[in-house]
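Participant: Our numbering puts the last residue of the sequence shown at 799; the count rises by one with no breaks.
Treat each hint with caution, since some may be false.
[As the list claims (entries may be wrong)] In silico SDA-like links for lysine to any residue, alpha-carbon gap of 20 Å or less:
hint, residue 1, residue 2
1, K675, F610
2, K660, E607
3, K649, K592
4, K592, F610
5, K649, T623
6, K729, E691
7, K675, L611
8, K764, L798
9, K649, K675
10, K613, Y561
11, K649, V608
12, K592, P538
13, K675, T623
14, K764, D782
15, K660, S694
16, K543, N620
17, K671, G590
18, K703, S734
19, K675, S541
20, K703, F747
21, K613, G590
22, K649, P677
23, K613, V648
24, K764, E580
25, K704, N693
26, K764, E741
27, K729, N769
28, K764, T536
29, K704, E737
30, K613, P677
31, K703, K729
[What the hints assert, rightly or not] Pair by pair, the computed Cβ-Cβ distance ranges are:
hint, residue 1, residue 2, range
32, G738, Q583, 35 to 41 Å
33, E737, M534, 23 to 29 Å
34, L626, M534, 38 to 44 Å
35, A542, E765, 35 to 41 Å
36, N622, M758, 19 to 25 Å
37, A542, N769, 19 to 25 Å
Simulated from the structure, these hints should not be mistaken for lab results. For each residue, glycine too, the CB sits at the ideal point set by N, CA and C.
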Amino acid sequence: MYTEPLSSAKPGLIVIMVDQSGSMADPYGETNKANFAALAVNRVIGEIIQACSVGDGVKDRCFVAVIGYSSQAEVLFLEKVSELANNQNTMTLKKKISDGAGGIIEVPEILRVFVKPTAEGGTNMTKAFENAHIGASKFIDKNPDSFPPIIINITDGEPNSFINASIAAKKLLQLQSSDGNVILLNAHIASTLAGKIELPSNNEGFRENKFAQFLFENSSILPDMLAQRAKEVGFNAQPNARGFAFNADAETLVNILNFGSLGALR
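Modelling step: build the complete structure from the supplied sequences, incorporating the hints.
Facilitator: Here you go:
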């Protein structure tokens with residue numbers, strides 16, 4: 534299980550769900566949650582394109598979808614990697630790098646823009662999971678022997694309905710290709726890092742926290758290849774670790790996107 538390599542003949546599907554509710558306007562480091570989440574998603578999509586690039590071409594080893602959700606939920610796009618590579622919408626950022634002599638310098642970084650920051654309304658996570666289910670189900674019908682879809686949910690707040698969101702998430706987790714069940718990762722970001730939790734193997738220490746328990750129960754146990762990739766980016770992934778982080782800082786969010794989306798491509 535979870536051994537099928539991604540290829541043009543047997544592509545994969547990566548779905549990123551982004552909370553775009555009003556609370557995403559809250560501060561997060563030097564920016565706000567909405568800006569940082571969009572930046573992180575844009576950067577990882579660029580890395581997915583790079584991982585699928587061979588010479589001057591791009592192999593369609595996977596499809597990428599982004600679902601934005603607030604009071605409603607909307608599939609912002611679902612495209613082949615080669616189609617995403619044609620995106621000409623860019624922004625220039627300042628990136629800090631070592632100058633080779635113990636100092637830090639800023640250099641320009643051109644980043645493709647696929648997702649724009651949004652923060653308004655409620656948190657209809659249920660509808661987002663339902664949209665992910667529709668997309669993953671259609672993908673598996675067309676690609677029954679491919680590596681199963683990977684879903685990454687970035688959120689900063691509780692769903693409008695725990696019960697309905699949990700039903701939708703568990704239904705999503707039941708989908709499977711011949712290579713395994715859908716993989717669902719949940720990353721909760723917060724302005725405070727109090728009670729930070731990363732890839733736990735059990736619910737000790739947070740079983741009384743309804744929201745943390747909800748995300749834990751609806752996160753996949755990491756298959757070996759993703760657990761190994763998680764270790765490579767700095768996580769202490771123990772046996773039966775779940776793809777779940779709570780009160781995650783910026784580094785944790787970026788690393789979850791990294792191993793979650795690129796793990797199956799390496």
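Participant: Would you mind marking each hint as holding or not holding in the structure?
Facilitator: Hint-by-hint comparison with the structure:
Among the hinted pairs, K675 with F610 is consistent with the structure: their alpha-carbon atoms are about 18 Å apart, no more than 20 Å. Note on K660 and E607: the hinted pairing holds, with a Cα-Cα distance of about 9 Å set against a maximum of 20 Å. Pair hint K649 plus K592 does not hold up; C-alpha atoms about 26 Å apart against a cutoff of 20 Å. Simply put, K592 and F610 have alpha-carbon atoms about 19 Å apart, close enough for the 20 Å limit, and the pair holds.
Among the hinted pairs, K649 with T623 is consistent with the structure: their alpha-carbon atoms are about 11 Å apart, no more than 20 Å. Restraint check for K729 and E691: satisfied, since their Cα atoms lie roughly 16 Å apart, inside the 20 Å limit. A threshold of 20 Å between alpha carbons decides the hint, and for K675 with L611 the separation of about 15 Å falls inside it, so the pair holds. With a C-alpha separation of about 16 Å, the suggested pair K764 and L798 falls inside the 20 Å cut-off, and the hint holds.
For a cut-off of 20 Å, the pair hint linking K649 to K675 is broken: about 30 Å separates their Cα positions. Our distance criterion of 20 Å between C-alpha atoms is broken by K613 and Y561, whose separation comes to about 31 Å. The straight-line distance between the Cα atoms of K649 and V608 is roughly 13 Å, inside the 20 Å bound, and the hint therefore holds. Restraint check: the Cα-Cα separation between K592 and P538 comes to about 13 Å, which is no more than 20 Å; the hinted pair holds.
About 32 Å separates the Cα atoms of K675 and T623, which puts this hinted pair outside 20 Å; it is violated. Taking the CA atoms of K764 and D782, the gap is about 17 Å. The hint holds against a cut of 20 Å. A C-alpha spacing of about 10 Å is found between K660 and S694, which places the hinted pair at or below 20 Å, so the restraint holds. Only pairs whose Cα atoms come within 20 Å are accepted, and K543 paired with N620 is rejected, the gap being roughly 24 Å.
Restraint check for K671 and G590: not satisfied, since their Cα atoms lie roughly 27 Å apart, outside the 20 Å limit. Between K703 and S734, the direct Cα distance comes to roughly 18 Å. Compliance with the 20 Å bound is thereby established for this hinted pair. For a cut-off of 20 Å, the pair hint linking K675 to S541 stands: about 13 Å separates their Cα positions. At roughly 11 Å between alpha-carbon atoms, K703 and F747 fall within 20 Å of each other, so this suggested pair holds.
Restraint check for K613 and G590: satisfied, since their Cα atoms lie roughly 13 Å apart, inside the 20 Å limit. For the proposed pair K649 and P677, the alpha carbon gap of about 33 Å is over 20 Å, so the pair is violated. Taking the CA atoms of K613 and V648, the gap is about 16 Å. The hint holds against a cut of 20 Å. Annotation: proposed proximity of K764 to E580 holds, straight-line Cα distance about 19 Å (limit 20 Å).
Our distance criterion of 20 Å between C-alpha atoms is met by K704 and N693, whose separation comes to about 18 Å. Between K764 and E741 the CA atoms are separated by roughly 28 Å; this puts the pair beyond 20 Å, and the hint is violated. At roughly 14 Å between alpha-carbon atoms, K729 and N769 fall within 20 Å of each other, so this suggested pair holds. Note on K764 and T536: the hinted pairing holds, with a Cα-Cα distance of about 18 Å set against a maximum of 20 Å.
At roughly 25 Å between alpha-carbon atoms, K704 and E737 are farther apart than 20 Å, so this suggested pair is violated. A hinted pair counts as satisfied when its Cα atoms are at most 20 Å apart, and K613 with P677 qualifies at roughly 17 Å. With a CA separation close to 24 Å, the supplied pair K703 and K729 exceeds the 20 Å bound. The hinted range of 35 to 41 Å is satisfied by G738 and Q583, whose Cβ atoms lie roughly 38 Å apart.
For E737 paired with M534, a C-beta distance near 27 Å keeps the hint of 23 to 29 Å intact. Our hint of 38 to 44 Å for L626 and M534 holds, since their Cβ atoms are close to 39 Å apart. Evaluation of the 35 to 41 Å hint for A542 and E765 yields a failure: the beta carbon distance comes to about 27 Å. Our hint of 19 to 25 Å for N622 and M758 is violated, since their Cβ atoms are close to 32 Å apart.
Checked against the hint of 19 to 25 Å, the C-beta distance between A542 and N769 comes to roughly 36 Å, which is inconsistent with it.
Checked against the numbered hints above, the structure violates hints 3, 9, 10, 13, 16, 17, 22, 26, 29, 31, 35, 36, 37; every other hint is satisfied.
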